[in-house]
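**Q** Generate the whole structure from the sequences, applying the supplied hints.
Chains as they are written, first to last, in numbering that gives the first Met the number 0: chain C, 0 to 305; chain U, 0 to 239.
These are calculated hints, taken from the structure and not from any lab test. Take these hints with a grain of salt, some might be off.
[Unchecked claim] Selected chain C positions facing chain U (Cβ under 10 Å, derived; list incomplete):
#1 S3
#2 L8
#3 E94
#4 I130
#5 E132
#6 E133
#7 K199
#8 I200
#9 V204
#10 G205
#11 H288
[Stated by the list, open to error] Heads up, simulated SDA-like pairs for lysine to any residue below, C-alpha to C-alpha not over 25 Å straight-line:
#12 C:K199 with U:D140
#13 U:K84 with C:Q291
#14 U:K119 with C:F7
#15 U:K134 with C:F6
#16 C:K196 with U:A113
#17 U:K77 with C:L282
#18 C:K196 with U:E69
#19 U:K98 with C:G21
#20 U:K98 with C:E70
#21 C:K196 with U:K77
#22 C:K93 with C:E70
#23 C:K287 with U:R120
#24 U:K77 with C:K122
#25 C:K9 with U:P16
#26 U:K60 with U:K77
#27 C:K9 with U:P139
#28 C:K196 with U:P16
#29 C:K287 with U:K77
#30 C:K287 with C:Q28
#31 U:K77 with C:F6
#32 U:K84 with U:P40
#33 U:K119 with C:T11
#34 C:K196 with U:T159
#35 U:K98 with C:Q71
#36 C:K196 with U:D136
#37 U:K98 with C:G5
#38 U:K98 with C:K122
#39 C:K199 with U:E69
#40 C:K9 with U:R83
Ideal Cβ positions, reconstructed from N, Cα and C, are used throughout, including at glycine.
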Amino acid sequence: MMRSFGFFLKETLDGIRRHSTGSLVTFVQVFMSLFFLGLSLIIIININNIVGNFLNNLEMGAFLDDNITYEQAVDLINIVEDLPGVREVTYVSKEEAFAFVQQHTTIDISDLLAENPLPASLKITVNSPRIAEELKGSIVLLDGVNDVRYGEAQLQTILPWLYALELISFYASIFLTWFALITIANTIRLAILNRQKEIKIMQLVGATSWFIRLPFLIEGLIYGIIGAALAIGIIAIGYNLVLKYVTEQFIFTPITVDFNMMIGNLAIMVFVLGAFVGVIASLIAVDKHLSQDVYSSPRLKKEAVR
Amino acid sequence: MPNEPVVHFQRVSLVYPNLVRALVDVEFEVNEGEFVFLVGPTGCGKSSLLRCVYLAERPSKGRLRVLGKEISHLPPSKIPHLRRKIGVVFQDFQLLEHKTVFENVAFALQVIGAPPDDIKRKVPLALRMVGLENKTDMRPDELSGGEQQRVAIARAIINTPPIVICDEPTGNLDPDTSQEIVRLLTLINQRGTTVLMATHDSQIVNMFKRRVVYIENGRIEWDHEIGEYKPDDEKLRLLS
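**A** Okay, here's the thing in structure tokens:
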């Protein structure tokens, strides 16, 4: 088997070298397809992340009665925490609310107001905006809760757009992956089409189908892996530069996905895709030739032959 | 069965997808060690008959036994093993241009997983047999047509197959070179290999005086032990 593997590898490398122009074109096309796929996925993942962060961290304010005791507030926190869809509940006292407002204004509001008009509240982080209205209905009925607000009007306007963006990203990633798959498969198929004569001779001298397939599968694998490596390398360098620039320029960075995790996941995906498509495309191309080997002529009807 | 024919067509018919009938009820036997010329006009079915022997075509009807085995229903996975016992030579040589003479012949052994020692030993023997021992490092485009055909013959016999099939092997060669090639094939035949050769070269057929099978419209019209082939007579007969 090792002896055969040596033969396969030699035949594969010979094939790539011999068809150097064609091989280069194949490499470049595989690289370009995977590069644009990777680039698009980075953008899509970031958009998804921003939208996801927004949707999954919706905050509600449950405003409490002024005469509520601390113990009652703790009980309320426990009840709200146990409601489905609630991720986190934080108590905001009257003083904290006043301090927060004061922080966001330049005039001293304590001079203007005789007493603190702001109520104590519970800051509730909700898992999904879909359940916000239902939660609001449950919380507002609790004793000691005066009102619940979460910017309903604004959310209702923006929510369909965010869902649409999520959906578009999802379908765009599927489409782009499919497009890359087809391009790579076609490129490799064309590269192998030129090798019809070799396949024919191998068949004539009695090589088994797998013996014929293997050098071409290795070739497809090499195209896929090297194309993927190049694509990931350039994307990683580019993404790192963009990330540095963005974090230097903006305090709030819209690119929220960790670099290592992003490139790591993308590398796995692009490598697996490159290798998989390389092998499958070669297999399809070689099998197209192999299937032309023995032509099974139609069985004759008795009357067809006199 | 000691006397079983190495190739035995039993009422074999072959129909192509366009419904052209390439072979019609062919009854035909070739015994071990025979040299048979298949002759007839272009498109008569010579090549189709040969292609059936190494299963490049599967008969549509009838039974075909090769080397003692019924092959018309041979599963695809077994076809490579059949082909290792049949050497094939074509009119257009079918050599790999990027490989040297040695590598082209060695290729036939490599793709069946032969050990390197076997390859080193067998290839020079085959090349000596065809008279190309001094051209092992040359590439096909550096050789004459006759020499290229010799490489193809060396590749066909490298596995010492019991049968060698030649489909118009002299079609691209001048008369002198054609005679050399057929002489080489008769030498291979004298060593016990059965040779089936399709040709329309009457000069060659008449010079070597072997069994001649005449095919026309997919049917075997005549089969003579030591036959003469006169295409002009056939043309006249067809015209009349």
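**Q** Confirm or reject each hint.
**A** Each hint tested on the structure:
Because the smallest distance between the Cβ of C:S3 and any Cβ of chain U comes to about 6 Å, under 10 Å, the interface hint for this residue holds. For C:L8, the shortest C-beta to C-beta distance to chain U is roughly 13 Å, which exceeds 10 Å, and the interface hint is violated. Against a cut-off of 10 Å between C-beta atoms, the interface hint on C:E94 is violated, since the closest Cβ of chain U lies about 84 Å away. With 10 Å as the threshold, the beta carbon of C:I130 stays out of range of chain U, its nearest partner Cβ sitting at about 59 Å, so the hint is violated.
A distance limit of 10 Å between C-beta atoms decides the matter here; for C:E132 the minimum to chain U is near 64 Å, and the interface restraint is violated. With 10 Å as the threshold, the beta carbon of C:E133 stays out of range of chain U, its nearest partner Cβ sitting at about 63 Å, so the hint is violated. Checking C:K199 against chain U: minimum C-beta separation of about 7 Å stays under 10 Å; hint holds. At about 6 Å, the closest approach between the beta carbon of C:I200 and any beta carbon in chain U falls short of 10 Å, and the interface hint on this residue holds.
A least Cβ separation of about 4 Å between C:V204 and chain U falls short of the 10 Å threshold, and the interface hint therefore holds. This hint holds: C:G205 has a C-beta 4 Å from the nearest C-beta of chain U, less than the 10 Å allowed. Among the interface hints, the one on C:H288 is violated; its C-beta lies about 13 Å from the nearest C-beta in chain U, farther than the 10 Å criterion. Using a Cα cut-off of 25 Å, the hinted pair C:K199 and U:D140 holds, with the two alpha carbons roughly 19 Å apart.
This hinted pair checks out: U:K84 and C:Q291 have alpha carbons roughly 21 Å apart, not beyond 25 Å. Distance hint between U:K119 and C:F7 is fulfilled; the C-alpha atoms sit about 18 Å from each other, no more than 25 Å. Restraint check for U:K134 and C:F6: the C-alpha separation of about 23 Å stays at or below 25 Å, so the hint holds. Taking the CA atoms of C:K196 and U:A113, the gap is near 21 Å; set against the 25 Å cutoff, the hint holds.
For the hint pairing U:K77 with C:L282, the CA-to-CA distance comes to about 20 Å; that is within 25 Å, so the pair holds. Straight-line distance between C-alpha atoms of C:K196 and U:E69 comes to about 29 Å, which puts the hinted pair past the 25 Å bound. Among the hinted pairs, U:K98 with C:G21 is consistent with the structure: their alpha-carbon atoms are about 19 Å apart, no more than 25 Å. Our distance criterion of 25 Å between C-alpha atoms is broken by U:K98 and C:E70, whose separation comes to about 90 Å.
Distance hint between C:K196 and U:K77 is fulfilled; the C-alpha atoms sit about 22 Å from each other, no more than 25 Å. Restraint check: the Cα-Cα separation between C:K93 and C:E70 comes to about 15 Å, which is no more than 25 Å; the hinted pair holds. At most 25 Å may separate the alpha-carbon atoms for a hinted pair to count; C:K287 and U:R120 exceed this at roughly 35 Å. Distance hint between U:K77 and C:K122 is unfulfilled; the C-alpha atoms sit about 75 Å from each other, more than 25 Å.
Between C:K9 and U:P16 the alpha-carbon distance is near 39 Å, which puts this suggested pair outside the 25 Å criterion. Only pairs whose Cα atoms come within 25 Å are accepted, and U:K60 paired with U:K77 is accepted, the gap being roughly 20 Å. At most 25 Å may separate the alpha-carbon atoms for a hinted pair to count; C:K9 and U:P139 meet this at roughly 20 Å. Using a Cα cut-off of 25 Å, the hinted pair C:K196 and U:P16 holds, with the two alpha carbons roughly 23 Å apart.
The hinted pair formed by C:K287 and U:K77 meets the criterion: a straight-line CA distance of about 19 Å does not exceed 25 Å. Using a Cα cut-off of 25 Å, the hinted pair C:K287 and C:Q28 holds, with the two alpha carbons roughly 22 Å apart. About 23 Å separates the Cα atoms of U:K77 and C:F6, which keeps this hinted pair within 25 Å; it holds. For a cut-off of 25 Å, the pair hint linking U:K84 to U:P40 is broken: about 29 Å separates their Cα positions.
For the suggested pair U:K119 and C:T11, the alpha carbons sit about 22 Å apart, so the restraint of at most 25 Å is met. Using a Cα cut-off of 25 Å, the hinted pair C:K196 and U:T159 holds, with the two alpha carbons roughly 23 Å apart. Restraint check for U:K98 and C:Q71: the C-alpha separation of about 90 Å exceeds 25 Å, so the hint is violated. The suggested pairing of C:K196 with U:D136 holds, with an alpha-carbon distance near 21 Å, which does not exceed 25 Å.
Distance restraint check for U:K98 and C:G5: the Cα-Cα separation of roughly 17 Å lies within the 25 Å cut-off, and the hinted pair is therefore satisfied. A distance of roughly 78 Å separates the Cα atoms of U:K98 and C:K122; the hinted pair therefore is violated under the 25 Å criterion. Annotation: proposed proximity of C:K199 to U:E69 holds, straight-line Cα distance about 24 Å (limit 25 Å). Taking the CA atoms of C:K9 and U:R83, the gap is near 23 Å; set against the 25 Å cutoff, the hint holds.
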